[in-house]
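Protein chains: 2
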Amino acid sequence: MDEFELIRRYFLRQLKSPVVATGIGDDGAVLRPPAGKELVSVIDTMVAGVHFPESMDASDIGYRVVAVNLSDIAAMGAAPRWMTLALTLPDAQADWLERFADGLHEAAGEWGVQLVGGDTTRGEQLVVSVQMTGDVDPGNAIHRSGAQAGDAIWVTGTLGDAAAGLRQMSDESQDAFLVSRFARPSARVDVGMALSGVANAAIDISDGLVADLGKLLEASGVGAEIDIDCLPLSESLLEAEDREQALRFAMSGGDDYELCFTMRSDQKPPDLACAMTLIGRITDSTNLLCRDQGIVVPFEDSGYRHFQ
Amino acid sequence: MDEFELIRRYFLRQLKSPVVATGIGDDGAVLRPPAGKELVSVIDTMVAGVHFPESMDASDIGYRVVAVNLSDIAAMGAAPRWMTLALTLPDAQADWLERFADGLHEAAGEWGVQLVGGDTTRGEQLVVSVQMTGDVDPGNAIHRSGAQAGDAIWVTGTLGDAAAGLRQMSDESQDAFLVSRFARPSARVDVGMALSGVANAAIDISDGLVADLGKLLEASGVGAEIDIDCLPLSESLLEAEDREQALRFAMSGGDDYELCFTMRSDQKPPDLACAMTLIGRITDSTNLLCRDQGIVVPFEDSGYRHFQ
Chain A
1 MDEFELIRRY FLRQLKSPVV ATGIGDDGAV LRPPAGKELV SVIDTMVAGV HFPESMDASD
61 IGYRVVAVNL SDIAAMGAAP RWMTLALTLP DAQADWLERF ADGLHEAAGE WGVQLVGGDT
121 TRGEQLVVSV QMTGDVDPGN AIHRSGAQAG DAIWVTGTLG DAAAGLRQMS DESQDAFLVS
181 RFARPSARVD VGMALSGVAN AAIDISDGLV ADLGKLLEAS GVGAEIDIDC LPLSESLLEA
241 EDREQALRFA MSGGDDYELC FTMRSDQKPP DLACAMTLIG RITDSTNLLC RDQGIVVPFE
301 DSGYRHFQ
Chain B
1 MDEFELIRRY FLRQLKSPVV ATGIGDDGAV LRPPAGKELV SVIDTMVAGV HFPESMDASD
61 IGYRVVAVNL SDIAAMGAAP RWMTLALTLP DAQADWLERF ADGLHEAAGE WGVQLVGGDT
121 TRGEQLVVSV QMTGDVDPGN AIHRSGAQAG DAIWVTGTLG DAAAGLRQMS DESQDAFLVS
181 RFARPSARVD VGMALSGVAN AAIDISDGLV ADLGKLLEAS GVGAEIDIDC LPLSESLLEA
241 EDREQALRFA MSGGDDYELC FTMRSDQKPP DLACAMTLIG RITDSTNLLC RDQGIVVPFE
301 DSGYRHFQ
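Residue numbers (this note's numbering), protein chains in the order written: chain A, 1 to 308; chain B, 1 to 308.
Quick caveat, the hints were computed from the structure, so don't treat them as lab data. Do not rely on the hints blindly, as some may be mistaken.
Because identical chains share one entry, a pair is satisfied inside a single copy or across any pair of copies.
Stated by the list, open to error - When the alpha-carbon atoms are kept at most 27 Å apart in a straight line, the in silico DSSO-like pairs for lysine-lysine are as follows:
1. K16 with K215
2. K268 with K37
3. K268 with K215
4. K16 with K37
Nothing here was measured: the structure is a model prediction, and the numbers come from that model.
Produce the complete structure using the sequences and hints provided.
This is how it looks when you write it as structure tokens:
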């Protein structure tokens, strides 16, 4: 058995997904998406040493590449269904592959997502791409471009943990919660599905709240005012960092994979286990203003711009 | 404008595809596949220096990565519809990207395939993955596993050209036809669609006729006898190589991206511009036998095993 036979063995765990007629092992997979739905297709690539430390555990790498795609599916308000994997790696060590596949299947299994195909190739550097497909009721996909002046701006979970966790990953003493927030982000799939047809706009926070909210504002042609005192910060983050640094991580740190969404101010967000925090409102300007201890300043002047 | 803005600019050429509701620019693309169809999903990765020479022209790289995916779609008997791109590259030079995007859009445009999303990342080595989705009438996808004893075995086009072309790519004097057969393979999409619901089994020839036919035989639990004198060889190949080497390339060279398919021996292949050649028949053994100038030997003993 050559090494790529070995790889296939690790990835051949088939769920019983009603949408998969033929999975891994042919020239292509055959899928039967539910009738009357639109499909949502997302893709995300992670490169070792660029998007995660080269020393990160293989099962976390597998988990994370699925989670970041689930997060994109969630931001569109879709239900994730199936995925394909492109894995380029310098060598194929059985224990690494087994752990990678464990993490990948764990994240996918949480939402019933079936791996239906892939391509494994040899390269100098570990590069992992997952392409994921979900479905949504026609017209109900949530776009970045739908925010309206007066909308309330909400975020899920807490912000800034992943950036603090990433910084701790090379430390001897680590906060397990913060590190896991980087290594194993919680994709807000249930929130996204509940917001489908309800939220006016959504984006997932991969590059940091300000950067990603900025994309949403630009796509929608609107501005926003956010209340820095309202940003949800975890106790772990506030124990690990002073308030200034915690806010910098929350505003600009990235890798949180929480959702930022806007909805009419008279609507309530869905009642789910995941915390949701009102952080501001959409305005009819095109600026992003921050209210910090009662004083409103443009974000550029807020002191939280630079990620340190 | 940063370099990844630049990349987005090159990839933002939108076709008017009726299946694409939202293309590039959101967290995900929104697709409207035709009602009542099954979908076929394929993925193929190419790594510079592994799957093609690092010196290969960027437009050929872009063309080829789409063509190899079209070929997988064709082998399943599906009609290609949309694709996503994962592009990892050491640097983002405008002229390289423009040529890459030209080749990619050229191959996709031949079959009306829309690029609906992608992720561009920085890495040490050029790695390109395309994931493509097509559709097919329910139950009509062609599998590797359907070959029946007595079936005729057909191949499209000519075999061995790409291996000869690859060998010539570093030479000063090149046969343009052979080199183009490696750099810009012709995916047999029209043949695949015409074979949907007709052929019993199909596979595309990426690793070489014997290797890929072997996978088809294994999946179907059958054997085959192929007539080496019948293998379709181009005039260019026979001018560039002696007959022995031409046959080695045809049998084991790979990269041809022709289709190998089986159908009932009393059926005729579709009448299309692409040449189709009867090369043998499926048997109820599990061996692959070769008939060479009247003598039948197991492939392993045929002298064409080793790709030189």
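Now the hints, each set against the structure:
1. K16 with K215: This pair counts as between: shortest inter-copy Cα distance 25 Å, intra-copy 38 Å.
2. K268 with K37: For K268 and K37, the Cα distance is within 27 Å only inside one copy (26 Å; across copies 38 Å).
3. K268 with K215: within (24 Å within a copy, 56 Å between copies)
4. K16 with K37: Cα proximity of K16 and K37: in one copy and across copies (20 Å, 21 Å).
Of the hints listed earlier, there is not a single one the structure fails to meet.
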